[in-house]
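Trainee: Got chain A sorted already, so can you dock chain B with the ligand onto it with the hints?
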Amino acid sequence: MNALLDKKAKVSLVKPRGTSASSSNKGRVLAQKEPNELNQFLIRIGESKDRQAFVDLFKATSSRLKAFAMQCGASSADAEELLQECMIIVWRKAHTFKPESGSAITWLYTIVRNKRIDMARKSRHETVQSDDLWAEEGSEELEAQISGEMEGKTARGMLKHLPEVQKQVVFKVYFEGKSHSEIAADLDLPLGTIKSRLRLAMKKLENVAKEQMSWLIIILMMNF
Amino acid sequence: MANYHPNDELLMSFAAGQLADALGLMVACHVESCPKCAEKVRNFESLGGDILNQCSEEVVSDSLLDETWAKIEMFERNKVSQESFEKAANEKRVNIPRPMRRFIKEDFDQLDWSGFSKNIQEVNLNIDDERYTTKLYRIKAGSKLPEHTHKGTEYTLVMQGSFSDKSCKYNQGDFILADENTKHQPQASADADCICLAVMDAPLKMTGFFGRMLNPFLR
Ligand SMILES: [Zn+2]
Chain A
12 MNALLDKKAK
22 VSLVKPRGTS
32 ASSSNKGRVL
42 AQKEPNELNQ
52 FLIRIGESKD
62 RQAFVDLFKA
72 TSSRLKAFAM
82 QCGASSADAE
92 ELLQECMIIV
102 WRKAHTFKPE
112 SGSAITWLYT
122 IVRNKRIDMA
132 RKSRHETVQS
142 DDLWAEEGSE
152 ELEAQISGEM
162 EGKTARGMLK
172 HLPEVQKQVV
182 FKVYFEGKSH
192 SEIAADLDLP
202 LGTIKSRLRL
212 AMKKLENVAK
222 EQMSWLIIIL
232 MMNF
Chain B
161 MANYHPNDEL
171 LMSFAAGQLA
181 DALGLMVACH
191 VESCPKCAEK
201 VRNFESLGGD
211 ILNQCSEEVV
221 SDSLLDETWA
231 KIEMFERNKV
241 SQESFEKAAN
251 EKRVNIPRPM
261 RRFIKEDFDQ
271 LDWSGFSKNI
281 QEVNLNIDDE
291 RYTTKLYRIK
301 AGSKLPEHTH
311 KGTEYTLVMQ
321 GSFSDKSCKY
331 NQGDFILADE
341 NTKHQPQASA
351 DADCICLAVM
361 DAPLKMTGFF
371 GRMLNPFLR
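Line by line, the protein sequences give chains A and B.
Each residue of the first sequence is one higher than the one before, counting from 12 in my numbering.
Each residue of the second sequence is one higher than the one before, counting from 161 in my numbering.
No wet-lab data here; the hints were simulated from the structure.
A portion of the hints provided could be inaccurate.
Said to hold, decoys possible - Under the rule of at most 27 Å between Cα atoms (straight-line distance), these lysine-lysine pairs were calculated in the BS3-like manner:
| no. | chain 1 | residue 1 | chain 2 | residue 2 |
| --- | --- | --- | --- | --- |
| 1 | A | Lys-104 | B | Lys-231 |
| 2 | B | Lys-196 | A | Lys-109 |
| 3 | B | Lys-326 | A | Lys-109 |
| 4 | B | Lys-343 | B | Lys-326 |
| 5 | B | Lys-239 | A | Lys-60 |
| 6 | B | Lys-196 | A | Lys-206 |
Remember, predicted model here, so these are calculated numbers, not experimental data.
Chain A on its own, in the form it takes in the complex:
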């Protein structure tokens, strides 16, 4: 399981898919109608431990969760173990999912991110674990945190606004945990280029977020 966290041994075998220009559009087409459906599955599991909703959610997301784990460097077997751990969390914690503060896919993302950390660390008390880094969903600390102006609203669908070269750098951060200088070495590009690509990506994301936020503010104001 340590391979999941080992930054060096990673990914050279598994090529991040979204980074190549030829990546298929299948996922994107699915995504158009899925978010709402995923929300519904999670809500039904959370409210009434609906077993059919769990099966549906499993079928709709398991292959992507497994692919995500493998892009983080997991073997197929490890990826399935991680997937299973995530699904158990989904069953146990679905009631903490709040559709008003983020999408179902983002909620699932935070679970696979956290479980990936913990699986590699299982039995060692002195290591950092995901619940040190992020307060448990629904806890007081988190409530306080998202009671900010936007009540936890986040921008959505940001990735599609980024050009391929910026995406490639972002993938290296999320899947491989690379620092700017490691990415520069990987891609055989000057550090300055990587820094400016990420800076541009951040700017873009910030603008997209702001745009969506200002619409939100307008909607909120119209409700008053």
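Mentor: Just chain B with the ligand, lined up with the frame of chain A:
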């Protein structure tokens, strides 16, 4: 509210789950007390959701769903003991930020402070992390550290009190990055001892006569 924040590179790596180490703990402490950075992290998590969403599909073993049900049923049977265990682990000590509570086991005053001078004391935190050394520093109210630069990178989070150097004043929650180019002489403000969490990937390097004299005793 904090005036000095982790940069976007750190916040993105944190949201990506790639800072599962002492530095991540420090970023977590800041983020929990800084709505501005918390919002950025939520946006980077949303980007993580997008990334998960576009992952191409990997074939999952047919038996995995049944195996997952079996585990869930086992969990449901043991539920009661699980929940009480979780509650017990969640004790509170108000002045220690939540992310550090497992690693700082007592209140600041009861920690095993040591140091070559009454003015500056330190305690090593036992975090199993191959890359960073993690310490708490306590600078006595009003006192000044010897001027020093840093070999490598050092991150500092003000946990209690405040300190200032030539140009700036840093208060509770502020997140400061120092590197080879930072040469400073921090001074705790007069009203209270200043406690800082420091994560470093290389030892402090003292400059100036006084600094050079002290250096061998620092570690
Ligand atoms: Zn901040």
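Trainee: Evaluate each hint against the coordinates.
Mentor: Status of each hint after checking the structure:
The suggested pairing of Lys-104(A) with Lys-231(B) holds, with an alpha-carbon distance near 15 Å, which does not exceed 27 Å. Straight-line distance between C-alpha atoms of Lys-196(B) and Lys-109(A) comes to about 21 Å, which keeps the hinted pair within the 27 Å bound. With a C-alpha separation of about 46 Å, the suggested pair Lys-326(B) and Lys-109(A) falls outside the 27 Å cut-off, and the hint is violated. Between Lys-343(B) and Lys-326(B), the direct Cα distance comes to roughly 10 Å. Compliance with the 27 Å bound is thereby established for this hinted pair.
At roughly 14 Å between alpha-carbon atoms, Lys-239(B) and Lys-60(A) fall within 27 Å of each other, so this suggested pair holds. With a C-alpha separation of about 22 Å, the suggested pair Lys-196(B) and Lys-206(A) falls inside the 27 Å cut-off, and the hint holds.
This entry does not satisfy hint 3, going by the numbered hints stated previously; all others are met.
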